[in-house]
Structure formats: C-alpha cells, structure tokens
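Protein chains: 2
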Amino acid sequence: MQNFYDLAIIGAGIAGVSSAVYAKRAGLKFVIFESGSVGGQLLLMERVDNFIGLGLNVSGYQLAEQLSKTLNDLGIQLIFEKVIKINTEEKIVKIWTEKNFYTSKALIISTGASFKKLKIKGEDEFIGKGVSYCAVCDGFFFKNKTVAVIGGGNTAAQEALYLSNICAKIFLIHRRDKLRALNYLQEALFKKENLKIIYNHIVTQINGKNFVEEIILEDTENKLKKNLNVDAIFIAIGATANTQIFKGIIDIDADGFILTDERLKTSLDFIWAAGDCRRRPLRQLITAAAEGSIAAIEAYKYLKTAYISI
Amino acid sequence: MQNFYDLAIIGAGIAGVSSAVYAKRAGLKFVIFESGSVGGQLLLMERVDNFIGLGLNVSGYQLAEQLSKTLNDLGIQLIFEKVIKINTEEKIVKIWTEKNFYTSKALIISTGASFKKLKIKGEDEFIGKGVSYCAVCDGFFFKNKTVAVIGGGNTAAQEALYLSNICAKIFLIHRRDKLRALNYLQEALFKKENLKIIYNHIVTQINGKNFVEEIILEDTENKLKKNLNVDAIFIAIGATANTQIFKGIIDIDADGFILTDERLKTSLDFIWAAGDCRRRPLRQLITAAAEGSIAAIEAYKYLKTAYISI
Numbered sequence: 000m001q002n003f004y005d006l007a008i009i010g011a012g013i014a015g016v017s018s019a020v021y022a023k024r025a026g027l028k029f030v031i032f033e034s035g036s037v038g039g040q041l042l043l044m045e046r047v048d049n050f051i052g053l054g055l056n057v058s059g060y061q062l063a064e065q066l067s068k069t070l071n072d073l074g075i076q077l078i079f080e081k082v083i084k085i086n087t088e089e090k091i092v093k094i095w096t097e098k099n100f101y102t103s104k105a106l107i108i109s110t111g112a113s114f115k116k117l118k119i120k121g122e123d124e125f126i127g128k129g130v131s132y133c134a135v136c137d138g139f140f141f142k143n144k145t146v147a148v149i150g151g152g153n154t155a156a157q158e159a160l161y162l163s164n165i166c167a168k169i170f171l172i173h174r175r176d177k178l179r180a181l182n183y184l185q186e187a188l189f190k191k192e193n194l195k196i197i198y199n200h201i202v203t204q205i206n207g208k209n210f211v212e213e214i215i216l217e218d219t220e221n222k223l224k225k226n227l228n229v230d231a232i233f234i235a236i237g238a239t240a241n242t243q244i245f246k247g248i249i250d251i252d253a254d255g256f257i258l259t260d261e262r263l264k265t266s267l268d269f270i271w272a273a274g275d276c277r278r279r280p281l282r283q284l285i286t287a288a289a290e291g292s293i294a295a296i297e298a299y300k301y302l303k304t305a306y307i308s309i
Numbered sequence: 000m001q002n003f004y005d006l007a008i009i010g011a012g013i014a015g016v017s018s019a020v021y022a023k024r025a026g027l028k029f030v031i032f033e034s035g036s037v038g039g040q041l042l043l044m045e046r047v048d049n050f051i052g053l054g055l056n057v058s059g060y061q062l063a064e065q066l067s068k069t070l071n072d073l074g075i076q077l078i079f080e081k082v083i084k085i086n087t088e089e090k091i092v093k094i095w096t097e098k099n100f101y102t103s104k105a106l107i108i109s110t111g112a113s114f115k116k117l118k119i120k121g122e123d124e125f126i127g128k129g130v131s132y133c134a135v136c137d138g139f140f141f142k143n144k145t146v147a148v149i150g151g152g153n154t155a156a157q158e159a160l161y162l163s164n165i166c167a168k169i170f171l172i173h174r175r176d177k178l179r180a181l182n183y184l185q186e187a188l189f190k191k192e193n194l195k196i197i198y199n200h201i202v203t204q205i206n207g208k209n210f211v212e213e214i215i216l217e218d219t220e221n222k223l224k225k226n227l228n229v230d231a232i233f234i235a236i237g238a239t240a241n242t243q244i245f246k247g248i249i250d251i252d253a254d255g256f257i258l259t260d261e262r263l264k265t266s267l268d269f270i271w272a273a274g275d276c277r278r279r280p281l282r283q284l285i286t287a288a289a290e291g292s293i294a295a296i297e298a299y300k301y302l303k304t305a306y307i308s309i
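Line order of the protein sequences matches chains A and B. Read in numbering that gives the first Met the number 0, the first sequence has 150 at position 151, and its numbers run on one by one without any break. Read in numbering that gives the first Met the number 0, the second sequence has 103 at position 104, and its numbers run on one by one without any break.
Please note that the accuracy of each hint is not assured.
[Stated by the list, open to error] If the Cβ cut is set under 8 Å, some of the chain B residues that face chain A in the computed set are: (1) G35; (2) L42; (3) L43; (4) Q65; (5) N143; (6) L160; (7) Y161; (8) I165; (9) N182; (10) Q185; (11) G207; (12) N209; (13) P280; (14) I293; (15) Y301.
No wet-lab data here; the hints were simulated from the structure. All of these numbers come straight from a predicted model, not from anything done at the bench. The beta-carbon is built from N, C-alpha and C at its ideal position, and this holds for glycine as well.
Isolated chain A, as found in the complex:
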C-alpha cells in the first residue's frame, strides 16, 4: 500500500519538524502533514532569543526558514494537506485529509495551539497593528505607551507585569471582581504604580484609524459603556489546543490539551503528542523541540517492539 506508513506526524511547527528529523535519522518510513506553513506560530514571532544555541538576534521567520531548510536538506517531503479526521482500528491509525486517505502504525500529534480570541469588532482588523496575543513578542513596540491587557489568569498577570517594565501605563481589564492569578503574581501587580486593574468590565470593541486608538469597555453589572484610549491591547484569555479531531480517540483535558505521560505517550500506546497541543509545564520553543525528538524516539522504540521486522 502506497499510503501506508510506519509513522505519521501531524503538524510542522518546531515540535513536528523535530520529530521528522529524528524519524528520518531512525530510518522510519514516515509522513508529515502541514495545512499551513512550516514553523507554525513561529511565523508570528518578531524575535526568538531564548532558544539556546541560536544566539539573540533571530526572528521567528528566520527560524522557520531554517526548519524548512533542514527538512529540505534531509530530503523530507511534507504533505501540504489538512488532516480532517483520524480514527484507529487494531493499532492502525487511519488518516483522512481533504484530498487523500493514509494509514500509519504510529502517530505523533504536533498540531500546536491557537490563542483564544475575544471575537469582537476590530480584533482581526488590528492584529499586528496594536492587537497582540503575546507581550513578550510585541511589548517592545509599545515602549512608553499606554496599553491594555485583557484577562485575569496567570498569563494575563504575567503579561501585565512584563509590560509594566516597558510601557508608561498598563490597564489590566478583567470581567470578574477578582483575579484568578496566583497570589504572588497578584501581590506583584498591586505594587506596580503604573498599572491599574479594572474589574467587572469586558471589552466590546476596538477602534482606530490605522492603528488601535481606543477600546470600548462595558460594565458587566450595569452595562454602561465607556471608552479608554490605548495604543495596544494584549489579549491573554487563554489558548486553545488544535486537537478537535482527536476528541474521543485519545484523552484530552477540559481545556482541550492532550494528556500524556512523561514519555509523551497519549492514552493510546501508538499515539504520542509533542509541543503546544499537549498539557505541559512550560510552553517554550525549546521544550517543544525537545518533545518532538522524544516523541519520535519513543515511536521508533514502539515500532521496533510491536513490529519486529521494522
């Protein structure tokens, strides 16, 4: 069967590419699917400077290019098809893309995650023009400016703290009457003189000409609206793992993240998950890259054991 593989990898972000490199070296007959571009969320990152070994002045785009080059140099061909459905039958994974059908003895899921959106007017329009989902990526563009951070969890608190060292004024806007962030983060927030927390308000609209100029806030109790002048809005209301098509097949937590053991095995012993789509302690490029390599080697070991002939 032409479309029958030892290993399939879904997603060519840094985790998936890392898996592919290790799978290639291990001599596996494998396939890697990508529905967008190699690098995934990397392409949205202005600067990558905590990826050890790369130095301090690399853009996300450059790293993504490097990944493409590595795949090319190793003769790894990607299949640019969107996987729309998977199923399993007797330890074989069946994979449907929009165009074709594939089967594989093992699967690595590295589909990443996407930031949750507010789904309000102006949000999509001003992405990259004052609307951001990552303070560490974009905060520097708003040095000495006024910004809003939306959310009340650990991420929102950390982003607000991060921005408090860069921006002139930060508004942390939360829809409830207290934050969900851990105590020590809250205490740190309360000490920041250039940071104001606005409770019980949601953002209903983002306005501006070419760039963000104001946001419209609505009081969650009396529904009164007011405008707030800001140069940027950082939306930190969580991330959604790109795992919809795996629901019901492997264990996934309430937030949509795939559950694995330390060796990245999912609830099925021939499927692994690596990178942002997985429930994990630290979401960084370097950890995603490492997970990709671990998943590939674990898949390889499994294939060696279960299929003695490989």
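Mind docking chain B on chain A? Use the hints.
What follows is chain B alone, placed relative to chain A:
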C-alpha cells in the same frame, strides 16, 4: 553577604547555559559554576545536526562557542571554579569550591555525565573520527557503512538495532557468551540479516589513518587476536553521571543518576537537576537544553513563592 545568591547553577554544558539564560531573563541573582569549558561534552562532538534550528553543518565546538557568546551578550559571568562539596541547611544550599564558599536559596545541578570508556589505544585519538558513544547522535554519518557496537546490555542492543536501519553491516561485540539485553531486544537483533553478534571478544585497539579503519578483537578464552575492518565503533558500555558530591543529599539511583519529578525537582524542593546527570528517557542536546529552561523557570517560581520579595 556577597556570595549569597537566589540561584546557583553547577555546570555550564548546554543544560546549565540554558538555565542561566532563563534565570537572567527572570531577573534572578544567580551564579553559574564551571570547572572546565563552556559546552562540556559538546566539545567532543564532531558534528551536531539533530539540534533543530541549527541546521545540519554545525560542529560541537561551534555550538559551544555560540553558548559562550550568548552568555557574554547577556552579561552573564561564569565562575570557573570546581565545586567540591555541597550541603544544605534550612533550605539554603552551601557550596564549597576549591577556592571559595557560596550560599544560595536554590540550586540547579547540570553536571552532565561521562560515557564509560574502553580505555584502549586509539579510543581518545579517534573520538569524533569514527569513535562514538551515541548512535542516535552519530549513526547517520555512517549510512551504508560497516560499524561495530561494543556492549551487551539494553543500550548496546538498542544502538545496534538503530544502526541496522542505517548502516550496511553491524557487528555487535560482547565480552561474554550471551547478551544482558532484554529478550525482545535480543529477538529483534537475531532477525537482522545485516547484524552479526560476536560473543566472547573484547576490543583491544582501534586503528586508522585519519579515521577509524579497523579494530583489533581478542578472544576472551584463547586470547587469540584478529582484526575487523569497520568505519566506526560505537561504544555502549554505560555512562557515569557526574553526581558524586550530591550523594546523601538528594536521591540518586544505583547508576548515579539524579532522580527528579517531571518538573525536574529532586528529592529536595529547592534543588533541580537538568541534562545528562538526571535519570531521563532520551539523552540528547535538545532535551538537555529544554530541561535547563524548565529547571530555571521552576526555580524562579519556587523563589517567587518562598521568597516574595524577589
């Protein structure tokens, strides 16, 4: 106290340097000790081309240089002193080097491991030129070549199997009359047509001009010698973690590797371990780098919680 730090890192291999970069970004007052050179075992690696993001033509030396440069660019000063003893008292780590005494609120151990050597003629001379201690790292360089693997345990068996997909011919050489490797591994080995197991032989010498060309085998029974032409020799007789000074302070397994949880915490909640000194599923540069970052962020979280003023 001048020598009192939030965090101490022992070892400036890739795990330790990764920890240092994250500690710096987190604004911690930290120190990193190295008794040799930045990069550690990297300096022994002829080529590093499974470190995703770096491309395929980087030497271990170049990566080590890049680590030094990153430390320098971030203004991180190493202390080139050998740590000879540590102790703990009420959640404070006391650190003695040959020259000085230091204390720290938290500790990351990234002291690495050393592969056990055969201690034979030619071994050191041909490291990176056909002598390797890691098939996953270096196997690809010997595609369609003839190689020897030395050892009889699980690692040797796994390395031989791994190489059997890449190399033309593999000799697995073991000093006893049967392997120690697990049954399923042995069964897989026996099925490989390009793999021959040579029992009751040791390697006494490695010869070549610029690269490995042959090894000398000695029959352990009658002491007769013969030569075997190979392009590479993979020595898989075990590794020793550099953890002697931590014995009795944190939990260490029978082979000397530090035991941690998934977040790299040791048996003491203010000490973490990252990289080759730790008991871990996959020993690779990329996983060591990732562990360094995880350990630093976990240490940062601990310090934030236990010492609110940081």
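Results for each hint:
no., hint, verdict
1, G35, "violated, 19 Å"
2, L42, "violated, 14 Å"
3, L43, "violated, 17 Å"
4, Q65, "holds, 6 Å"
5, N143, "violated, 11 Å"
6, L160, "holds, 6 Å"
7, Y161, "holds, 7 Å"
8, I165, "holds, 5 Å"
9, N182, "violated, 11 Å"
10, Q185, "violated, 11 Å"
11, G207, "violated, 24 Å"
12, N209, "violated, 24 Å"
13, P280, "holds, 5 Å"
14, I293, "holds, 5 Å"
15, Y301, "violated, 11 Å"
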